[in-house]
Every structure is written in structure tokens, then in C-alpha cells.
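Heads up: the sequence lines are chains A and B, in that order. Here the first sequence stands for residues 5 to 392, numbered as in the numbering used here. Here the second sequence stands for residues 5 to 392, numbered as in the numbering used here.
One thing to keep in mind: the hints can contain errors.
For chains that are exact copies, the list does not tell them apart, and a pair is met inside one copy or across any two.
Stated by the list, open to error - Dumping the calculated DSSO-like pairs for lysine-lysine here, alpha-carbon to alpha-carbon at most 30 angstroms: (1) Lys314 to Lys114; (2) Lys18 to Lys274; (3) Lys86 to Lys122; (4) Lys285 to Lys18; (5) Lys114 to Lys35; (6) Lys314 to Lys86; (7) Lys274 to Lys120; (8) Lys314 to Lys274; (9) Lys33 to Lys86; (10) Lys314 to Lys291; (11) Lys285 to Lys314; (12) Lys18 to Lys214; (13) Lys200 to Lys120; (14) Lys314 to Lys33; (15) Lys214 to Lys175.
Calculated from the structure, these hints are not laboratory results.
Number of protein chains: 2
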Amino acid sequence: MPTLPAPITAAPDKDELAGRLAQVRALMKEKGLDYYVAFDPVNIYYLTNFANNVHERPFIMVIAASGTPVMLCPLLESSHVKTRARCDLAYVTYYEFPSPTGQNWFDLYKTLIPAKAKVGIESALPAGIAAQTPGTYVIEDIIDDVRLVKTAYEIGRTVHACSVINEGHRKLLEVTRPGGLEVLIYGEVVRLMMGKVLGEIQDANLIACKFVGAVWPPSISHDPHLVPTPLTAMEQGGPHVSIVTSQVNGYGVEVERTFFLGSVPDHARKPFETMMRAREKAYSLVKPGAVLEEIDRQTRQVIIDAGYEKYILHRTGHGLGITGHEAPYVALGDTRTLEEGMLISIEPGIYIPGQGGYRHSDTVLVTADGYARLTDAPDSLEALTIAV
Amino acid sequence: MPTLPAPITAAPDKDELAGRLAQVRALMKEKGLDYYVAFDPVNIYYLTNFANNVHERPFIMVIAASGTPVMLCPLLESSHVKTRARCDLAYVTYYEFPSPTGQNWFDLYKTLIPAKAKVGIESALPAGIAAQTPGTYVIEDIIDDVRLVKTAYEIGRTVHACSVINEGHRKLLEVTRPGGLEVLIYGEVVRLMMGKVLGEIQDANLIACKFVGAVWPPSISHDPHLVPTPLTAMEQGGPHVSIVTSQVNGYGVEVERTFFLGSVPDHARKPFETMMRAREKAYSLVKPGAVLEEIDRQTRQVIIDAGYEKYILHRTGHGLGITGHEAPYVALGDTRTLEEGMLISIEPGIYIPGQGGYRHSDTVLVTADGYARLTDAPDSLEALTIAV
Numbered sequence: 005m006p007t008l009p010a011p012i013t014a015a016p017d018k019d020e021l022a023g024r025l026a027q028v029r030a031l032m033k034e035k036g037l038d039y040y041v042a043f044d045p046v047n048i049y050y051l052t053n054f055a056n057n058v059h060e061r062p063f064i065m066v067i068a069a070s071g072t073p074v075m076l077c078p079l080l081e082s083s084h085v086k087t088r089a090r091c092d093l094a095y096v097t098y099y100e101f102p103s104p105t106g107q108n109w110f111d112l113y114k115t116l117i118p119a120k121a122k123v124g125i126e127s128a129l130p131a132g133i134a135a136q137t138p139g140t141y142v143i144e145d146i147i148d149d150v151r152l153v154k155t156a157y158e159i160g161r162t163v164h165a166c167s168v169i170n171e172g173h174r175k176l177l178e179v180t181r182p183g184g185l186e187v188l189i190y191g192e193v194v195r196l197m198m199g200k201v202l203g204e205i206q207d208a209n210l211i212a213c214k215f216v217g218a219v220w221p222p223s224i225s226h227d228p229h230l231v232p233t234p235l236t237a238m239e240q241g242g243p244h245v246s247i248v249t250s251q252v253n254g255y256g257v258e259v260e261r262t263f264f265l266g267s268v269p270d271h272a273r274k275p276f277e278t279m280m281r282a283r284e285k286a287y288s289l290v291k292p293g294a295v296l297e298e299i300d301r302q303t304r305q306v307i308i309d310a311g312y313e314k315y316i317l318h319r320t321g322h323g324l325g326i327t328g329h330e331a332p333y334v335a336l337g338d339t340r341t342l343e344e345g346m347l348i349s350i351e352p353g354i355y356i357p358g359q360g361g362y363r364h365s366d367t368v369l370v371t372a373d374g375y376a377r378l379t380d381a382p383d384s385l386e387a388l389t390i391a392v
Numbered sequence: 005m006p007t008l009p010a011p012i013t014a015a016p017d018k019d020e021l022a023g024r025l026a027q028v029r030a031l032m033k034e035k036g037l038d039y040y041v042a043f044d045p046v047n048i049y050y051l052t053n054f055a056n057n058v059h060e061r062p063f064i065m066v067i068a069a070s071g072t073p074v075m076l077c078p079l080l081e082s083s084h085v086k087t088r089a090r091c092d093l094a095y096v097t098y099y100e101f102p103s104p105t106g107q108n109w110f111d112l113y114k115t116l117i118p119a120k121a122k123v124g125i126e127s128a129l130p131a132g133i134a135a136q137t138p139g140t141y142v143i144e145d146i147i148d149d150v151r152l153v154k155t156a157y158e159i160g161r162t163v164h165a166c167s168v169i170n171e172g173h174r175k176l177l178e179v180t181r182p183g184g185l186e187v188l189i190y191g192e193v194v195r196l197m198m199g200k201v202l203g204e205i206q207d208a209n210l211i212a213c214k215f216v217g218a219v220w221p222p223s224i225s226h227d228p229h230l231v232p233t234p235l236t237a238m239e240q241g242g243p244h245v246s247i248v249t250s251q252v253n254g255y256g257v258e259v260e261r262t263f264f265l266g267s268v269p270d271h272a273r274k275p276f277e278t279m280m281r282a283r284e285k286a287y288s289l290v291k292p293g294a295v296l297e298e299i300d301r302q303t304r305q306v307i308i309d310a311g312y313e314k315y316i317l318h319r320t321g322h323g324l325g326i327t328g329h330e331a332p333y334v335a336l337g338d339t340r341t342l343e344e345g346m347l348i349s350i351e352p353g354i355y356i357p358g359q360g361g362y363r364h365s366d367t368v369l370v371t372a373d374g375y376a377r378l379t380d381a382p383d384s385l386e387a388l389t390i391a392v
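Here chain A stands alone, though its shape is the one from the complex (with noise of 0.2 angstroms):
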């Protein structure tokens, strides 16, 4: 197991973000592009270390070749902005949504880009921005693939995401017993979760944070995204499927178990270990340059050789960064390849209606020669059956 990197909570300074967006830039003039609008509001937390939440007023951060990157926003919002912000933004600000004629959002759009300009907008973007948008668009998501490979600083961030996701599964193990409800076991999770991150990061964005706590218990946990209700009942045996996932002050991250209450079934230690075999399978392929979907056929194959190809749901994994699920993905059909300073998720599963899910899942740093795991969460049958 190589050493793990520091973990960071500081806010990005202003080089980290000069940084990012002097890449954006670089690929924007590979692509013959004017200027870029970003939009979604996890490319403008990328770029600026601003969170906002999604509502009827548009954020809109208009980037051209060279100076100072413009924030389009709400009069309302702008020391908003300001508090948050680590790097150097212009502001135009408009009133309110809507304004009188003239003085709407979409007017001040108009100005802040030449009518002859090709500008690069994101696939997220609206088509009612879209369709405002002067000069000729192309989609190209751009600020996506800088977020592919994480920095130093991005890495420090997710080591510490983890390790607050670590102490919350441990409580999760801890606090589930048959016929425990689901709502007591999140609040417990949770609020360890939270407490661990206020007393850490005092000046937390509130709006860039998550924290889930959840089990699947196994009369559910064939149906990894069928949400348990708040009085969903935990159950003897298993398999339960635990989801612990957060948003850690922007960096998201997730670590999952398949676990036992009591005793084993017998009809599950065959998909248990069949998933265990195909996860192996999975780690003995993430290196640089692995081509991601060669991974996940690979994978894939260890569970169709066990007669289960019905009951696979799901890709082997998923990127992670300031979102929990993004790219790039360990699926058929992504051709790209594993670069050092990726996050991903391992996660292989296997589903059997009537009998439960099995899926372990853990936030993966890709390191020069391999990978480290940066979640930490016993694995094996033994450990993962628990004395009720």
C-alpha cells in the first residue's frame, strides 16, 4: 500500500485556480475557440471556488482567450460571490429575474461577447442560455476534461473527504442491527459525518455539502437505486448494502459494503465471492494507460463466467472529483485510458432478485504504478458478518 497523500481542508489559493483555468484556456485555443461559457455550477466551483445553487436567475462565467474571466450573476448574489471566490473575476450584475425590458439578463449576455466570436459551451448549458448565446456555439466540454486528472491540491482534498467517510462507515457498521430503522442509522451517520467536518473546516460551505448514511437491507438491495424509505426495517442476515457518500466541503466521495447481520445464508456466499473475484479483477487492471472499458469487460467477464451475466446493473466504476459521480467512467464505450492523479470508483455488482445485492465500492486514487485505495472499510466475508 503506498503512503497516502496529505490530506488538505484549505480553500484552493488563487495559483491552484490559475492554474485550472490557464488548462481550460490551453485546450480552448486547441479547439480554435474565442471564448467559453461555463455554466454548470460544478464547473464554475471548479474554476472559482464559488457554489451556487441552481435557480431561475442564471450564474453565467464567460471566459475569453486572455484577462480577467467575467461573472454574470444577480445583483442579489454578487458579495455572494465575492465571500467565496478565490480568483480574479470581473462582475456584471443584473437586477432581478425577470427585469424590465432592456435590462434582463440575456441583454447583458449580449454585450459581453462579439457577435463574430466562436464560443464553446458545455453540453449542461440550458438551451434557453444556449439559444442566447451570441456569436456561433459548439458544444465542447471543456472545464470536463481538465477535471479528469486532479491536482496535488484535489487529491489532498479527496484524502480528507475520505477519511471522513471512513469514520462514518465504521458508525454505520456499528449502529445496524436487525430491525434498526433506516432513519435512525442516517441520522447517527450523518450527524458524526457533519460534526467531523464543522469541527475541521470551520468556515464549511454549507451549500457544498452532502452526507448520506443509508442500508440497503437484502429484501431491497437487489435494487441499488430503489432510495429506502425512512422507516425501512433492517433485517437478520443479509447481504445489506451500505451506501456512505459525501460531499466534504466540495469533494465527493463514497464507500460502500455488502455486510451480514448474524449469519451467512448459504445461497449467498457463491455471488459474494463472485463479486470479491471480479473486484480483485478490477484492481489488477487499474494503471496508467488501462483503456477503461477493457477494465470493465474484463470484470464484467468474471461474473458472466459465473453463470450471472442477468444480474449485472451497473458498470464496474465511476470518476469522482467535486462531484460523486463523473467522469471518466470504467464502461463499455469509454475508449479513454487511466491517468495518473485519476479518482474512480471500484464497484462491480451483482443484483439477484429475491435474494439481494452484492457490491463493495471504494474511492480509487490512480497512481504511477497502480492505485491506492483511499477508503478504508473491511472486506472479506469474516469481517463483514457481524455478531448481532
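Based on these hints, arrange chain B on the given structure of chain A.
Then chain B, alone, in the frame of chain A:
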């Protein structure tokens, strides 16, 4: 005060949702649209009762002029949709994001709409999905238009949602004392509201629930969108401004008050009294047929006449429904008229740097002959000066 409609907590039935769809189709016909595409999770929730978190795997609802609407969604989520949807839906699922060539969401999307169709899309539809939309598209926010006037069912749900935040606000005034920390107030208020919702709606959908109970103390209350940090401390005097909002199993509501701890500084009396007169002016104009921007104009004028024009930061109010912020807007530039069954906030504000902010907000139903306030909190300076 008119009698309020009875609170409703049950999920919508098929007839309620069929009625909404019929209204959407009537507008499609009026606009000459063969198909309408819903992507905004709020609009999908409105038509189906299914709340999704937007992530990289798209959920797209395709509505033809007649027949069963189609939900294009990831395989992983189809049982989740089926669990919550309360209307007829046909399902088309894709395996993953991404998928191998020919099996991606956009490959299936192209089979759902003929190439010659005229298609309506939302202004919120991401440009990357608009670009994959078959046929010829026009931006028409039809579902948003239908949502403007609430059904009797929606009003009942909103009455229930307001009963939750009314209790939350009572608790907030009870626990806010000088020196108290934001995070503790937030914890008390949110816990109470969450407990009430879970007690009253046992299958509440956590994806459609949000709870906020916060106070802006006088040193920051002049800046209504600057989010307090967890360790922000309450102060002596005021103006403190409370915000209690919730998405109660899908329905968004708010109640906000300007209040004082111990004593009222002399400089606060005139702005408080001006805000109250502006608010009375606004309420005096709320009735079916009133032009929205005219309410804002006359309400602003009260503040302007008092010499506070430069301290106006926002419009008089906004619509509420299945979101906490939506059309119509009580704002200069919104030339629509109020109709019976609309839900709006009334919240003119005055924000004086160095002193603080002055704003009360309520969730208000437009009735046949005026309005009914669905939120309930003290509003006079006397009642809002709390002995400490």
C-alpha cells in the same frame, strides 16, 4: 381570514396526474407540437410523482399527442421509477452511461420521435440533449405554464407543507438567543420538521425533501444570499432575519421574519416600519386579475418614498409549488396577471449595509377574492422583539 383548504399528505392519484397531462397536451395542440420532451426533474415529478436526482445518466420523458408517455431511463433506475410513478408510463431503458456503440441513450432517444416531428423542449433542457433531439425543436415551457395555477390537490399539499414550516419557525424563535450558533439552531429546527414529516408521511420520498432553518444575524442580514457559516453566532438586538423553508415531500414553501433579541436599535424602527407598509401595500393588491409587475412597482414605491431605493435588492415575490422558487414572479418585467390558485411569496425587503436587513416572507394562496396566507408567524415589531 378565509378558511384554509384541508391539508393533504397522500400521493397524487392517477386522475390528478392525468388531468395535468391533459393540460400539457392542450397546450401542445395550441402550439402545433407533435411531441414534448420533459427532462427537468421538477417537470417529470409534476407529471409522474417520480423524483430523480440528475446525474450523467439521463431520464427523458417523451410525450406524444396521444398514447402512453415514454420514460427513457437507465436500466438501473427503471424499478425506482416504477415504485414512485403514479401514472401510466411505457419504459425504454438503456444499459449504462456510456454504453457500447449503438446502445447509448441517444441511440434509443432517436427511435422515439419521427424525424419530421415538431418537438417542444424546455428551456432547461441541456444543450447536449437538445442537440440529440430528433425532429425540429422549439423551446416552449409548456409544463412550467401548466404549473402556474395549482390544482386543489396541490393546494392541499401546500397547506400541509406550511404546517411543517410554521412549527419549524416557532421552534426557531424559541431557540435563537444571543451567542447561539447557526449550526445548533439549524439542527433543532430541521430535526423538528423532519420528525413531523416522517411521522405524518411514512413513505415520504427523501429525494423530494429538503429542510432549512437558519438565521442571518444583524452583521450579515443586509446580504440575504450570503449564506451563514455553521459557526455564525447570533447577536444582541437586530435585525436578525430568519429563513425557514422546506420541500415537504415535494412541495416547497417558505416563512421568514425580521426579529430582535432583547431590544430594537433606534435606527431599525424606520426601515422595519417601511418594510411593513410596503408589505401591506403588496397584500392590498393581491387578487385575481392584478398585473404582477404592477404589484412590484407600487410596493417598491413605498420603499422609494421612504428614501430607501438604493437598499432594494430584489423583487416583491416569486411563485412556489413543487419548487420553492418558480414562475410567476412579482417583479418588474412580469406582465402576467394573478389567477386564483396561484401560490406566491410576498417579501419586499430593505437591506442597509452596516445595519442589517428587513424582510418578512410568507407563502400566499391567491383566492377568488384576494388571498389566504398559508404560513403563520408573528409579524409586528412588538411580537418580534424577544425577551432574552
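Hint check:
1. Lys314 to Lys114: Result: close only across copies, 26 angstroms inter versus 52 angstroms intra.
2. Lys18 to Lys274: Close neither inside one copy (52 angstroms) nor across copies (43 angstroms); limit 30 angstroms.
3. Lys86 to Lys122: This pair counts as within: shortest intra-copy Cα distance 29 angstroms, inter-copy 44 angstroms.
4. Lys285 to Lys18: neither (41 angstroms within a copy, 47 angstroms between copies)
5. Lys114 to Lys35: So Lys114 and Lys35 pass the 30 angstroms test inside a copy (22 angstroms) and across (28 angstroms) alike.
6. Lys314 to Lys86: The answer is between: 20 angstroms across copies meets 30 angstroms, while 52 angstroms in one copy does not.
7. Lys274 to Lys120: neither (63 angstroms within a copy, 52 angstroms between copies)
8. Lys314 to Lys274: within (15 angstroms within a copy, 71 angstroms between copies)
9. Lys33 to Lys86: Within one copy, since 28 angstroms is at most 30 angstroms while 46 angstroms is not.
10. Lys314 to Lys291: The answer is within: 29 angstroms in one copy meets 30 angstroms, while 59 angstroms across copies does not.
11. Lys285 to Lys314: within (19 angstroms within a copy, 65 angstroms between copies)
12. Lys18 to Lys214: Intra 25 angstroms, inter 34 angstroms, cutoff 30 angstroms: intra-copy only.
13. Lys200 to Lys120: This pair counts as neither: shortest intra-copy Cα distance 51 angstroms, inter-copy 57 angstroms.
14. Lys314 to Lys33: This pair counts as neither: shortest intra-copy Cα distance 46 angstroms, inter-copy 42 angstroms.
15. Lys214 to Lys175: Result: close both inside a copy and across copies, 17 angstroms intra and 24 angstroms inter.
The structure shown violates the earlier hints numbered 2, 4, 7, 13 and 14.
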